[in-house]
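> With chain U fixed as given, assemble chain B onto it according to the hints.
Chain order of the listed sequences is U and B. Yeah, the first sequence ends on 477 if you go by the numbering used here, and it's all consecutive. Yeah, the second sequence ends on 477 if you go by the numbering used here, and it's all consecutive.
Which copy is meant is left open, because identical chains are indistinguishable; a pair holds if it fits in one copy or across any two.
Taking lysine-lysine pairs in the DSSO-like style, the calculated list, with each CA pair at most 30 Å apart, reads:
#1 K156 <-> K31
#2 K230 <-> K259
#3 K372 <-> K279
#4 K230 <-> K261
#5 K368 <-> K294
Read the hints as simulated data drawn from the structure, not as lab findings.
2 protein chains.
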Amino acid sequence: MDEIKKYIDGNKESFINELKDLLTIPSISTNAENKKDIEDCANWLQSHMHDIGLENVKTYQTEGHPIVYGDWLNAGDNKLTILIYGHYDVQPVDPLDLWNSPPFSPTIVGENIYARGATDDKGQAFVHLKSIEAHLKVKKKLPINVKIILEGEEEIGSPNLDGFIENNKDLLKCDYVIISDTAMYDYDIPSICYGLKGLCYMELDVTGPNKDLHSGSFGGAVENPINALANIITKLKDEKGKILIPGFYDDVIELTAEEKEEFRKLPYNEDEFIKELDIEEVFGEEGYTTIERKWARPTLDCNGIWGGFQGEGAKTVLPSKAGAKISMRLVPDQEPEKIEKLFTDYVNKITPKSIKVKISASHNAKPAITPIDNDAIRAAMKALEHGFGIEPVFMREGGSIPVVNTIQDLLDAPSILLGFGLPNENTHSPNEHLNLRNFHRGILTSAYYLEELSKINN
Amino acid sequence: MDEIKKYIDGNKESFINELKDLLTIPSISTNAENKKDIEDCANWLQSHMHDIGLENVKTYQTEGHPIVYGDWLNAGDNKLTILIYGHYDVQPVDPLDLWNSPPFSPTIVGENIYARGATDDKGQAFVHLKSIEAHLKVKKKLPINVKIILEGEEEIGSPNLDGFIENNKDLLKCDYVIISDTAMYDYDIPSICYGLKGLCYMELDVTGPNKDLHSGSFGGAVENPINALANIITKLKDEKGKILIPGFYDDVIELTAEEKEEFRKLPYNEDEFIKELDIEEVFGEEGYTTIERKWARPTLDCNGIWGGFQGEGAKTVLPSKAGAKISMRLVPDQEPEKIEKLFTDYVNKITPKSIKVKISASHNAKPAITPIDNDAIRAAMKALEHGFGIEPVFMREGGSIPVVNTIQDLLDAPSILLGFGLPNENTHSPNEHLNLRNFHRGILTSAYYLEELSKINN
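Looking at chain U on its own, in the form it has when it is part of the complex (with noise of 0.2 Å):
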């Protein structure tokens, strides 16, 4: 491992400079005039594992925007044979004028990089290939077989990654499945995460008249669309932030004693939480830690809203339309088609006669608990520490990762989810950034982990 830690020490900036070039590319999922970015970023990822010396390296068309995948497979059966996901597609980059940087010109301050998709998930996908690349040249082989699928769909919920297992099954057979797409818990507190949260996506598009009205002459006849949506809004969590859906919290597992003191124990200051946050207090559901709400209970968040004048001056409108985008975080046992459908009636049910809504659902995924009591949780606790020097600890995370779940019922394997992302690295935000002493430390520990994950018998 000595000439492989000084093939990944003495690459340092080489490897910067090919994460730069991959961050050029604006591959925002979302946008259908991205497409062709989206074509570009696979590509190049293809070309790239390629000259690293994965084989069987192909692009897989879907429905909606392409896999890349490679495999190196020649380690033997009594190896363990593991699959690497990551995703390259990203955020959108709006509100544009605050990013400090244009999001595809990646720009480096101390040690960080800024650019759309640096930690979410481009630059964390890149930790892998550089390690593998790294194995590759030095022993002209890894210490284990590996796959890697990189997806371009998962931050629009990955509509066609489901379809691409059940068809690639024996592609994809594997041990585990490694995903570095969360964050650590700090900087310097290396972490493997082993529960995420589900999310049901939700759209509601209110009409009130057929036509935008003059508010003078018809304020006091008419149901204004904005104020019957911001009832609607309202009614939907109390004011301490408990979420008012009937039934919401029926499948939700309370976290054990246990889990609640290991939170306890990991370090937490909430006065820095909200001074870097610049608010006046943290918010949420009575009788939780902000640690336990942020991981462990589910949320409700209006993440868009929109309707009348949002112009400059005033317009004295009563609009015909208005609409919400909200989204529900949610925790183990809640299953995303019961939380629409119980979503879905009670918005019904609150709508008064004086206004039409229409109720869509966007996008879902289920929450998971990945197992920690494994050799493979095991080998990476090790790798951590060799890749970091210090010990790790476990921790949850608020966020998502739809193919968790995908992976452990179609491909029948645990996930091991290593970040190395840091919590304010504003993933989904403007000025995302990635640390690159955690991008090299991670890439150490990848090379690390796959050494470790070879001392465990088939």
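What follows is chain B alone, placed relative to chain U:
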């Protein structure tokens, strides 16, 4: 008057063609990018007023958009002097995709001409220019002294009109002010409007965390400014439409039994009203009829709302900011400044500590009741009967025309509100239009009115 009527009838088509030219100019006062169009419109009107024979025609610059003035003052001291007020600025045109023809390409369909400003207020103001033209071309004189001002900032609250009137009291001195910026009660029901609502237009800008956050990682820990804004909006009005701001109704003058009785006598079909707007039911404060609420009860409407992700697809953001425009329509004796303070105090009180709210006043207008027991009103009734061949009615309106109060206060002259628009002509909405038969009947009415006013001794 026969010759004048003949002139007006004979020029029906050319008057419409001239109106089309005027409607082609996109004189949107609220948009900075239309500043040049506003100037073009003022220039067009100045030329036109000069061409029809008005004297002392001049464009007065203000700190905002210009005011165009003209007069004809040769009728003698024993004749009345009237001031005709109108405005040449128009509302914004969005949502543009709902227009059946481009808003600044005037298009005639059936009896209507479609264009932004057709009824509010270019078309209605133009009525008086054409009646003045008819008198001056046929008789070489007007039967009374006439002054006319056309302003370019009505749709943004006339910020420079008060100052202009204050500084030009002698120029504008008059016995009565004639304003055509309201709607008739119905197609064959010519009307004089004697009551207008006031306006208090506010903007709320809500800030939660100092940057957009990932709703998975931060949901449950940080208040969402959209949800908080929805809560604030919900607390402004109960579910029946009663406004919950403490003290809001303190100065409201209740309708008299006589007024209620007059309203009840007007032809009104609520089922048709509901059907035309494609709603299931009307909405508003309990204990009042729809006409009473529209004309004589204060209202509160959200005119616009925004925040977070409004694009196609799903973005799981917990946004930093959200905002809304909220207007209240006021009735006598509510004072906009007092209401602004009550609104501000209440919103500050109900805003949770977890977010910050910036409350700004956009523009204010006082409500108005004009006297209906005077010679000029009686002359207007006669002129409407001549122009339409139908006996007119008295009505009130939910819109605001701030100049009515300004003129009452600064020039000590009562206003006569002679509306030639119709209630369903989509003022402030897509597909604004003016009925061209009413445009013609309006010109006749205005011509007869000058004649009727000449019978009053000064």
